[in-house]
Structure formats: C-alpha cells, structure tokens
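Same order as they appear, the protein sequences are chains A and B.
For the first sequence, my numbering begins at 1 and goes up steadily by one.
For the second sequence, my numbering begins at 1 and goes up steadily by one.
For the record, the hints were derived by calculation from the structure and aren't laboratory data.
Just so you know, not all the hints are guaranteed correct.
[Claimed, not checked] Derived BS3-like pairs: lysine-lysine, alpha-carbon spacing no greater than 25 angstroms straight-line:
#	chain 1	residue 1	chain 2	residue 2
1	A	LYS243	B	LYS203
2	B	LYS126	B	LYS115
3	B	LYS203	A	LYS158
4	A	LYS119	B	LYS203
5	B	LYS43	B	LYS115
6	B	LYS210	A	LYS68
7	B	LYS125	A	LYS94
8	A	LYS244	B	LYS142
9	A	LYS37	B	LYS126
10	A	LYS68	B	LYS43
11	A	LYS216	A	LYS244
12	B	LYS170	A	LYS68
13	B	LYS126	A	LYS218
14	A	LYS119	B	LYS170
15	B	LYS175	A	LYS243
16	B	LYS175	B	LYS115
17	B	LYS77	A	LYS216
18	B	LYS210	A	LYS119
19	A	LYS94	B	LYS210
20	A	LYS68	A	LYS13
21	A	LYS37	B	LYS43
22	A	LYS94	B	LYS175
23	A	LYS13	A	LYS179
24	B	LYS77	A	LYS94
[Stated by the list, open to error] Pairwise CB distance ranges, derived in the manner of DEER restraints:
#	chain 1	residue 1	chain 2	residue 2	range
25	B	LYS153	A	GLU232	46 to 56 angstroms
26	B	SER89	A	GLY60	51 to 61 angstroms
27	B	LYS150	A	GLU237	24 to 34 angstroms
28	B	LEU51	A	GLN118	16 to 26 angstroms
29	B	ASN54	A	GLN208	52 to 62 angstroms
30	B	ASN107	A	ASN174	25 to 35 angstroms
31	B	GLN168	A	ARG109	36 to 46 angstroms
32	A	LYS152	B	GLU179	52 to 62 angstroms
33	A	GLU159	B	LEU215	44 to 54 angstroms
None of these values were measured; they are calculated from a predicted model.
Glycine included, every Cβ here is placed at the ideal spot set by N, Cα and C.
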Amino acid sequence: MLTKRIVPCLDIKNGRTVKGVNFVNLIDAGDPVVLAKQYAALGADELVFLDIAATLENRGTTLDMVLKVAEQVNIPFTVGGGISSVEHVDALLKCGADKVSINSSAVKRPDLINELSQKFGSQCVVVAIDAKQINEEWFVHLAGGTIPTDIKLFDWAKEVEERGAGEILFTSMNHDGTKTGFANEALSRLSSLVNIPIIASGGAGTVQHFVDTFKKGKADAALAASVFHFGEIPILELKQELKKRNIPVRI
Amino acid sequence: MNKYIETGEHNNEPLSSFGGVGGGLVIINYGAGNIKSIQFAFKRLGIDAILTSNIDEICAADKVIFPGVGEASTAMKMLKESGLDKIISTLKQPVLGICLGMQLMCNSTEEGNTKGLGIFDVEVKKFSNKVKVPQMGWNIIKNLQSDLFKGIKENEYMYLVHSFYAEQCKEMIAKTDYEIEYASALQKDNFYGVQFHPEKSSKAGEQILKNFLQL
C-alpha cells in the first residue's frame, strides 16, 4: 500500500538554512546538507527546500546547494522559490533536484506548467498554492501570501492538474504558523476534486493534527517546518503513532 | 576509464568482489531524466560511474544502467536518434533499467502508444482513475525472487513515481500493490528492470544498487 509521506520543509537563504533548527549533536545547523542527511536518517520521506531570498544573483549559490544535497542525500527532494523559467528548472534538475515547486510564476503565466510537464514530465512539477479563506471562499495569494488575487482555489487547482502538474502543495494562510491543525475541509475537497497527490501545509502543531489531515483531510503527504526543526514532534514517534492509528507510513 | 575508481569517501563495506577488469559501470546518457542522482548514488557507494551515449563504451562496460524519467515516446525517440535502441537488447553484461528505463525494455507502453525494446514480454499500462496518478511516494515490494534483492526483506519500502505500470508476468521478480498488483521489478537473463528508484530509496535502495554491482 502506498504510504502517507512526512515532509520537513527547510527555508534557504543564500545557500544556508534559516529560521533556526534545533537538533542535538549538530555541528552546523545552518548547513542544508547536514540537516537533509539528518532528516533522511530520522525517517523523513522527502524534503522540500524553499529558497526564500531567490534572486538572479544568488541562483548560483542555490544550484551549488542543490548539487551538494543530491550528492549526499538518499531520499527525494523538491526545490522551490523564485522559479519562473524552463531554463532554471533544467539547471535545478541537472544538479539533482527530483522536483521543483512553482507558485506565483505559475499564476502569472499558467503556460509554464504545460511547458515544464511536457519537457520534464509531470512527476517533477509541483504547483504550490497559497490560499486564504475570506467569507467562506478560498482565494489564491501570491508572493508568499502578500498579494491577494481573485482566483478561486478550487478552480485554480483543477486548472493546474489539467495543465500537467504532478502534485499540489496547498498552504492555508489561515492556518500557517498557528499550530492549530491543517485546513482539512479544504484539503478533503481538493483531494476529491483532482486526481493528483495533495501535500498539506500550514498549521501542524501536534501529532493529532497529522492524523486528522490524513484521515479527514485525505492528504497524501503532510509538510511542516518548526515542529520538526525544534524537535517538538520527532518524526519516528509521529510515524509510530500514525501507524497505531491505521495510517500507512514507512517506518 | 577502464576501471572502477574508488572515491574513498564512503562508509560502506568495500565492494571487494567488484573487479577492476573490463569497462566499468556505465550509465546510458541519452538525454532522458535525472541521471545525476544515479551517478551520485553510486558515488556514495564509492563507485565512479561513467555517463555516456557512446556505443563502444556501453558495449565494453561491465555493468550498464539504463535510466529514464519523463515521457516514453520522447525517450524512445532519443534512443533511436543515438542508435541505442538496437544496442541495448544485444548487451551481454548485467543491465539495470530504472523506472522509464524498465518500461522501455518491455514490449510496449500505453504512454504515447510507444513500442518498446521487447526484452521483457509484457505490456505497460496506465493506472486507472480510481487511484491518484502518478503514484508518488513509498510503497512496498514483495515476492522478491532475485539476487538483486539479496539482504532485502519482504515488504521493504521503495520510492516510486509513475503513472504507468508493467503487468504481472513470468519475468516478474517483485510486485507492488497500487489499485492492482503489478510487476515492480523484472528479470530476463542478464536484463533487470525496477520500477522504483533505488537511488532515492534510502538504505534499502543502496543495498539493491550494491547487489547489482555484485551480480
């Protein structure tokens, strides 16, 4: 049986992880390679690296980091942040990234999804969607959630699937950072609307939240940052608990 | 480049039975997919693999990896352009097809109605809409029946990303369940194929790559 995936997300700036990570016995907690190896050893199913300061100038630094992660890490990983061209994706994949995640650039120019999936295959195209619920309706936001649009979440999700996205990474801005649980109602609706995997993001605070997002939210994977980085929820314990609750996981 | 080169940067046991004679480990580079990941995975085992599309180099190799990620008809077109479509099925050394590489070694695939190399006598079909497509993530392999799986326990997890699958057949050496049971690994003579990505499947995947080197 296909298992549910647990995905730690690392924020990257100038080739280094930021926001702090609090593992014991780490010599350099800012080194993405060290962290990635640690997470792989702890049982993470895949990793997401989000370049939060993606600019043309530091593109080389990010590519260098991707190369080093690919050299040393034996689980799949996705790279996102500031990706807007076929050439950039080509370079990231050539450095060993398994998937790329696009967000604002896909909204600004939806054909990018078609171009990427045709050239590299759907399996490596993750479309990240940040959305906020306003008066019962979910609206897509851009630029890390700072710019609202009038695009409706469910319409956009359907469109990205049709254009060839291989996966959707859905972040609820209402839940992100709150540690009150994932947006399971919207996730469940998304999961039955499209036939590609959905990664739940935003709101993880407890083990129960992960149970809920897999059971009620019907998510295929769950992404979180701080609960993993600060050791609040050890991945192995999380997976053991999920298994006890009859959720298929890889242990 | 006649020998495997030990990079000396690994914690694995030395691959002592893995020789220095012949033409090394070759990864066929025909433009399809993320071959860097496979090269890196072998490097972690202390083996430098050669990326090449040169037919002489491929024929002279001790071991050949036939990778592939992407769309079948495009990949097959690229193979034909480099003349590799005629070569692969004539190879005598152990050959390992990975993911789309494995699918292209079958009779045909529904993806782009593509005729395959016909090494494995089986058809490749698309998953139905009853499950999410692509299958993406970790699933188990079972009914393991080959030295390729030496030291691998039944129901071990492997990382898979695919929309098409090989049906169960007599050449099946492992199977996986996703909507239906299908062949997640195949073997015929010196030809091996795996649907999963050993290069991305943690320690167990590394063991399979190590086993392939020791075939």
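**Report entry** Distance restraint between LYS68/A and LYS43/B, which requires alpha-carbon spacing of 25 angstroms or less
**Finding:** Holds, because 12 angstroms separates the two Cα atoms, which is no more than 25 angstroms.
Query raised in the report: Is the straight-line distance between the alpha-carbon of LYS37/A and that of LYS126/B 25 angstroms or less?
Result: violated, 34 angstroms
Report task. Take the C-alpha atoms of LYS175/B and LYS115/B, compute the straight-line distance between them, and say whether it is at most 25 angstroms. Result -> OK: LYS175/B and LYS115/B at ~23 angstroms, within 25 angstroms.
Report task. Compare the distance between the alpha carbons of LYS37/A and LYS43/B with 25 angstroms, and conclude whether the hinted pair is satisfied. Result -> Cα-Cα ~16 angstroms, so holds.
Query raised in the report: Taking the beta carbons of ASN54/B and GLN208/A, is their distance inside 52 to 62 angstroms?
Result: With a Cβ separation near 56 angstroms, ASN54/B and GLN208/A satisfy 52 to 62 angstroms, so the hint holds.
Query raised in the report: Does the Cβ-Cβ separation between LYS153/B and GLU232/A fall within 46 to 56 angstroms?
Result: violated, 32 angstroms
Query - Given hint LYS94/A paired with LYS125/B - CA-CA distance at most 25 angstroms - result: Violated: LYS125/B and LYS94/A sit about 29 angstroms apart, past 25 angstroms.
**Report entry** Consistency of beta-carbon spacing, GLY60/A to SER89/B, with hint 51 to 61 angstroms
**Finding:** Violated, at about 42 angstroms.
Query raised in the report: Honestly, do LYS152/A and GLU179/B meet the 52 to 62 angstroms range at C-beta?
Result: violated, 31 angstroms
Query raised in the report: Are LYS243/A and LYS203/B close enough, with their CA atoms no more than 25 angstroms apart?
Result: Satisfied, since the Cα-Cα distance of roughly 21 angstroms is no more than 25 angstroms.
Report task. Mind checking the alpha carbons of LYS119/A and LYS170/B for me, to see if they're no more than 25 angstroms apart? Result -> violated, 34 angstroms
Query raised in the report: Do the alpha carbons of LYS94/A and LYS175/B lie within 25 angstroms of each other, as the hint requires?
Result: violated, 31 angstroms
When the structure is compared with the earlier hints, violations turn up for hints 3, 4, 5, 7, 9, 12, 14, 17, 18, 22, 25, 26, 30 and 32 and for no others.
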